[in-house]
Amino acid sequence: MSRFPLPMRDGVAPSYLYLPEGDWPDLISFLVARFEDVSEAAWRARMARGDVVDGDGQPLTPSSRFKRGLRIFYYRELEEPETPIPFKEEILHLDEHLVVVDKPHFLPVIPSGRFLHETLLVRLRKTLDEEDLVPIHRLDRETAGVVIFSRNAASRGTYQSMFQKRVIEKEYEALAPRLRDVQFPFTYRSRMEEGDKFFVMKEVAGEPNSETVIDVIEHRGELTLYRLHPHTGRQHQLRVHLSALGVPIVNDAFYPVALPCKQDDVSQPLQLLARAISFTDPLSGERREFRSRRRL
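Taking the UniProt record's numbering, the leading residue of the sequence shown gets 1, the next gets one more, and so forth.
Hints are computed from structural coordinates only; laboratory data are not their basis.
Some hints here could point you the wrong way.
Unchecked claim - Derived pair list, reagent style DMTMM-like, types lysine to aspartate or glutamate, alpha-carbon separation capped at 20 Å:
#1 Lys126 x Asp10
#2 Lys126 x Glu77
#3 Lys262 x Glu118
#4 Lys88 x Glu222
#5 Lys165 x Asp54
#6 Lys67 x Glu77
#7 Lys88 x Glu130
#8 Lys88 x Glu118
#9 Lys126 x Glu171
#10 Lys262 x Glu130
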């Protein structure tokens, strides 16, 4: 982030893109075509403020020449005000390399779509006044629990590689209907692929590419609190697996059927929690475990 020609502003670091191949008469023509949700007037206003620059920090104008491969920097902005998310994150651990956070339900990890300032990354950058924070893994917006951020670029790749090599141990909890006539713990495997809608996954026939160990913590009437250990990291894996078993997670708006978007309704959180992450620290060699303090 320190190499970027625009500074962090109110917790938001600049975005950037490389201009692709194409034939555009000027930069403004490309930007209007590339970002359909941003008006030409908005781009002209950003440029007038000096908020669109090249890699050397030189301001770009609407008439700047379109040049393939040029990297341009700009601030992401939202046309409509964000609705505050009324739940707070908690910092569980902070050291030279890592920031470990207990994320609430409904808070996205990174900016996307209609979320910018109401994201865990931007909130942390404001709280810690650090622009070089990067999440080294993700949780869905609907899921609460432990998220780890890197605050040191020199060691970032070392910690990221743990997730790539699957040497991280993850423990989740989920509240769902009681699964009867099953011997716990047991392992569920299936093959998962992208569904017909871009935001959901589905199970298909074929060699399994997802695996979850499922156990029971306690029964709560007709519901059960499950302990889940995913051995793979497919998108929505735990939600898909429990739904396929006939016990979808309480308040799951995607599985088994995708329901209409609830927009800013935060009254029914998905009952899924990333309870703990544990690993052997690749730098110190010590065993580390971070646990959420939240409850379903």
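Verification of the hints:
no.: 1; hint: Lys126 x Asp10; verdict: holds, 7 Å
no.: 2; hint: Lys126 x Glu77; verdict: holds, 17 Å
no.: 3; hint: Lys262 x Glu118; verdict: holds, 17 Å
no.: 4; hint: Lys88 x Glu222; verdict: violated, 30 Å
no.: 5; hint: Lys165 x Asp54; verdict: violated, 36 Å
no.: 6; hint: Lys67 x Glu77; verdict: violated, 24 Å
no.: 7; hint: Lys88 x Glu130; verdict: holds, 19 Å
no.: 8; hint: Lys88 x Glu118; verdict: holds, 10 Å
no.: 9; hint: Lys126 x Glu171; verdict: violated, 29 Å
no.: 10; hint: Lys262 x Glu130; verdict: violated, 33 Å
The structure shown violates the earlier hints numbered 4, 5, 6, 9, 10.
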